[in-house]
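If you read the protein sequences in the order shown, they are chains A and B. Final position of the first sequence in my numbering is 316; the numbers increase by one with none missing. Final position of the second sequence in my numbering is 780; the numbers increase by one with none missing.
Bear in mind the hints are in silico, worked out from the structure with no lab data behind them. Be careful, since some hints might not be right.
Result set (EDC-like, lysine to aspartate or glutamate): computed pairs, CA atoms no more than 20 angstroms apart in a straight line [stated by the list, open to error]:
| no. | chain 1 | residue 1 | chain 2 | residue 2 |
| --- | --- | --- | --- | --- |
| 1 | B | LYS767 | A | GLU149 |
| 2 | B | LYS769 | A | GLU149 |
| 3 | A | LYS309 | A | GLU153 |
| 4 | B | LYS767 | A | GLU8 |
| 5 | A | LYS45 | A | ASP63 |
| 6 | B | LYS767 | A | GLU153 |
| 7 | A | LYS309 | A | GLU8 |
It should be emphasised that the depicted structure is a prediction, and the values quoted were computed from it without experimental measurement.
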Amino acid sequence: MTESVSVEQQLAVQSIRRFLKSKTSYDVLPVSYRLIVMDTSLLVKKSLNILLQNNIVSAPLWDSHTSKFAGLLTSSDFINVIQYYFSNPDKFELVDKLQLDGLKDIERVIGVRPLDTGSIHPFKPLYDACCKMIESRSRRIPLIDQDEETHREIVVSVLTQYRILKFVALNCRETRHLRRPIGELDIVTGGELLSCNMHTPVIDVIQLLTQGGVSSVPILDNQRRLVNVYEAVDVLGLIKGGMYNDLSLSVGEALMRRSDDFEGVYTCTKHDKLFTIMDTIRKSRVHRFFVVDDEGLLTGVLTLSDILKYILFEEN
Amino acid sequence: MGNTHSRGTMSDNIKDVSMVDVSSADESNKRGSQRAIVQSFSKLDIGDHSESQPPLLRRRSTLIFDDEDEIPRHEENVGHRSELDVSENPLSGSSSSASVHDNRLPQRGSDVVFQQQQRQGSDDSAFQQHHLQQQLQQHQQSPDPNSVLSPQQTSPSVSRNGSEPPAESPKTMVPVEITWQQGGSKIYVTGSFTGWRKMIGLVPVSGQPGLFHIKLQLPPGTHRFRFIVDNELRFSDYMPTATDQMGNFVNYLEIASPAESQDQLQHPQLQEDLRDGEIQPSPLVPGKQQHHQASPLPLTTADQKLNENRTAPEPLSARSKLALQIEEEPDDMGDGYSRFHGAHETSPLYSYITDIPAVFTDSSVMEQYYLTLDQQQSNQQSMAWLTPPQLPPHLENVILNNYSSASEPGDSGSENNSGALPIPNHVVLNHLATSSIKHNTLCVASIVRYKRKYATQMLYSPLQ
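Just need the whole structure built from these sequences, with the hints factored in.
What follows is the structure in structure tokens.
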């Protein structure tokens, strides 16, 4: 790699960072958009149907008694419920009648650290929103404003890492100067990744998701070649019909529940340029790239937060 | 390499779909229910949505109208009545709504009518009807348009055919002749008087090809209707037209009970108005009660005959008489319009009470009340009171419904649009839309402005 490419990349990252500081979360929102909110007294199993019906994987919650924002419902909530039910199979009645405001109790019982539900005002700089998202382990951040008259909270929207990176890819011409290969940038998570094979029971894979704090587990064959991926959002499809009856399935069988419009698994090599990665983010709904070598062996994973951290904090 | 996923440079084809040979059968179900929810949004019916009749009724009438989109509007005219066609356009525009208050239009309208009359000597009382109506609408305080029109006038064919005026009936039903004179072989009429369901066949008039007629007994009020000519929905060019709530072009008739129509003729103000609107007075129509100056000669004489048969009314002031008449007429003029009540029209006989009438408190009394109303209406639209009022047309377009159609399978990027919606029309802002209640869950949605953007928030909530 020549010196000029590195310099160009450094300048480009700094320029993108200035862009993030100059824009607000509000700027990312479309002119007209929908936002699906759920009342906290809704049953968990019904909230699942609503997510699937609307083709979304997360929704802000609303406490109608206090008129306050009450956190985000995400796939990790359902994973918690699955784990709770798996270790307490006698509590079917409780799980069946569980309301969204009971999810915190489940978290406490199974001992997971609750996700930090940090929120931000829509008119704060986008850069601040990104930093806050990285600090909390969450992949999304709710935008909360106050009503001018009643001073009550308004859930304006929810930003995800993907939306922000797509916004950057769409609006920053500087991304084309990010020509250094990702292998050089020390942003790929390598080493011994959590993984499973097609015959691993799906409940074990779900446990891997929570233990590792990851959003997906790669599925490898005997030669450690990448065959598929089990994502946290796949649990929504797993439990959509009869709740929690199919936890004995293997992960391969569980993948049969995936919807037809699943986009596939995105892979890259360590020689790919960051610009190519950003361009793929612009075009497709992708949440992570699996880094493979020439043999198709899995060598690492590049997540959206890896990319975001690089843009926010590196190349000073 | 035995592996299936692509590798190498990042490009479009890196998206590896080949591994995803699994499919979920439930997917189609999911879509179905998704669509169902969204569709029910457009109906905006809270409560029992499932099999109740009201939405169906409306749908059906909509369906009838939908067919006629392909019909060219004025093509029929061009052939045999080109002059009329020219002059009709400004008129049909001005009369398309029953509450147009444009001071310019009547002037133009009467102008046109006069030219028409001088050219043709006699024609088309439809024009005259427009004309009168517009005059009247300028003076909102004064009386409703329908009462001016005697039953003969409402049926243009009467004057055209030179047939005798229908006998004056003291009953509420008024005989009305409806004619179709634009050809065809099988002619039916359908309209609000049959609930847009039944079709009434028209009989060909012997010796006059292309002319069909039927005599109907209709209650006073506004009737909207269309003709079905050889399985094609059409409207007559010889009768007043208007756009109804669904945006369809329909013919309409306003029928007053015969007794009322006579008194109206005495209205001095009305006569003045009519003169104001004229360019030149017509030499054909002298006499003190000729508010029909613009009308063709045969019709005028028919009216005069009618007037002679009646005893002269009491010398009450015209306005007070009108006020009395208006009291008797239904406030609902159809199409969502209701009568305007000026302060002077309120009856001094009424007084305020502190008790809530049982109709509003006791559900059984309420039901009885509505059943009685239903019987009194004696219309085919039984249980019409069960039908919720129709939405104004601009609220029918729910942008959330557009969203679902955009996210049909095959539309790539539907997943990728971060919930973006079309920009809503400002009139739909701050309205509450609801889904039907399914599985004890209610979804309400509302579009609000957030700064310079539009947030469509959908809240799912259980019924407590």
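These are the hints, each one checked on the structure:
1. Distance hint between LYS767/B and GLU149/A is fulfilled; the C-alpha atoms sit about 14 angstroms from each other, no more than 20 angstroms.
2. Straight-line distance between C-alpha atoms of LYS769/B and GLU149/A comes to about 19 angstroms, which keeps the hinted pair within the 20 angstroms bound.
3. With a CA separation close to 30 angstroms, the supplied pair LYS309/A and GLU153/A exceeds the 20 angstroms bound.
4. In summary, the hint linking LYS767/B to GLU8/A is not supported, as the alpha carbons are separated by about 38 angstroms, beyond the 20 angstroms threshold.
5. Under the criterion of a C-alpha separation no larger than 20 angstroms, the hint pairing LYS45/A with ASP63/A is consistent with the structure, at around 18 angstroms.
6. Note on LYS767/B and GLU153/A: the hinted pairing holds, with a Cα-Cα distance of about 15 angstroms set against a maximum of 20 angstroms.
7. In summary, the hint linking LYS309/A to GLU8/A is supported, as the alpha carbons are separated by about 19 angstroms, within the 20 angstroms threshold.
Going down the numbered hints, you'll see the structure goes against 3 and 4, while the others check out.
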